[in-house]
Amino acid sequence: KQEVTQIPAALSVPEGENLVLNCSFTDSAIYNLQWFRQDPGKGLTSLLLIQSSQREQTSGRLNASLDKSSGRSTLYIAASQPGDSATYLCAVDNTDKLIFGTGTRLQVFP
Amino acid sequence: DAGITQSPRHKVTETGTPVTLRCHQTENHRYMYWYRQDPGHGLRLIHYSYGVKDTDKGEVSDGYSVSRSKTEDFLLTLESATSSQTSVYFCAISESSTEQFFGPGTRLTVL
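Sequence lines, in order, name chains A and B. The numbers in the working numbering rise by one with no breaks, and the one at position 70 of the first sequence is 70. Offset between the second sequence (1-based) and the working numbering: plus 1000.
Hints are not guaranteed to be accurate.
[Claimed, not checked] DSSO-like cross-link-like pairs, simulated, lysine-lysine; straight-line CA separation at most 27 Å:
1) B/K1053 - B/K1070
2) A/K97 - B/K1057
3) A/K97 - B/K1070
4) A/K42 - B/K1057
5) A/K68 - A/K1
6) B/K1011 - B/K1057
[What the hints assert, rightly or not] Just a few of them, taken from the derived set where beta-carbon distance is under 8 Å, the chain B residues facing chain A:
7) G1042
8) L1045
9) F1101
10) F1102
Just so you know, these hints were derived from the structure itself, not from any lab. C-beta atoms are modelled at their ideal positions from N, C-alpha and C, and glycine is treated no differently.
With these hints in hand, go ahead and build the complete structure from the sequences.
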């Protein structure tokens, strides 16, 4: 059974820092991995999708990497801003069904 | 944003009553999903659909049923709501093995 773990569970940093959020999964037979952002009381916003054949994806200040063999993905946030404060979720796709981690709650203070 | 709406957005109901949540999409995506989100458990898949009248169970399907009579609508029914079904429910859509896009959620409270 696929299990997805995100470390740390919570993170508080000053504005401007570069951050790394971690996601690990137990079964490397995945189709893709997706990173989401969730603001309090809101739905999920898709940030990045990495297909199983890819090593990384970039969007603006965000860069996500995927190492299937070790069962790991990282989300790198450059030059963090207070507006980046949210919960970040990773999810792996096994046969068109997403398995989610429990998220990293990020707070960026001015 | 992907065209996904959920209704109602908030609902309070009593134990034992039936409840139906609706997900509507305007993207003509093949796959639709229902998840629940609970503290300490993250998001868990309840049921999903891979086409009209084609549905399957997810991880936490007990106590829930679904129907999809049209491409754009996916209904989640709690036949007899229980307090353990108090949760936030999210609908999502996708084409096969691609990004999933989520609706705004429905907050359900069962008293």
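Do the hints match the structure? See the list:
no., hint, in the structure
1, B/K1053 - B/K1070, "8 Å, holds"
2, A/K97 - B/K1057, "11 Å, holds"
3, A/K97 - B/K1070, "21 Å, holds"
4, A/K42 - B/K1057, "25 Å, holds"
5, A/K68 - A/K1, "16 Å, holds"
6, B/K1011 - B/K1057, "24 Å, holds"
7, G1042, "4 Å, holds"
8, L1045, "6 Å, holds"
9, F1101, "6 Å, holds"
10, F1102, "4 Å, holds"
Of the numbered hints given earlier, the model fails none.
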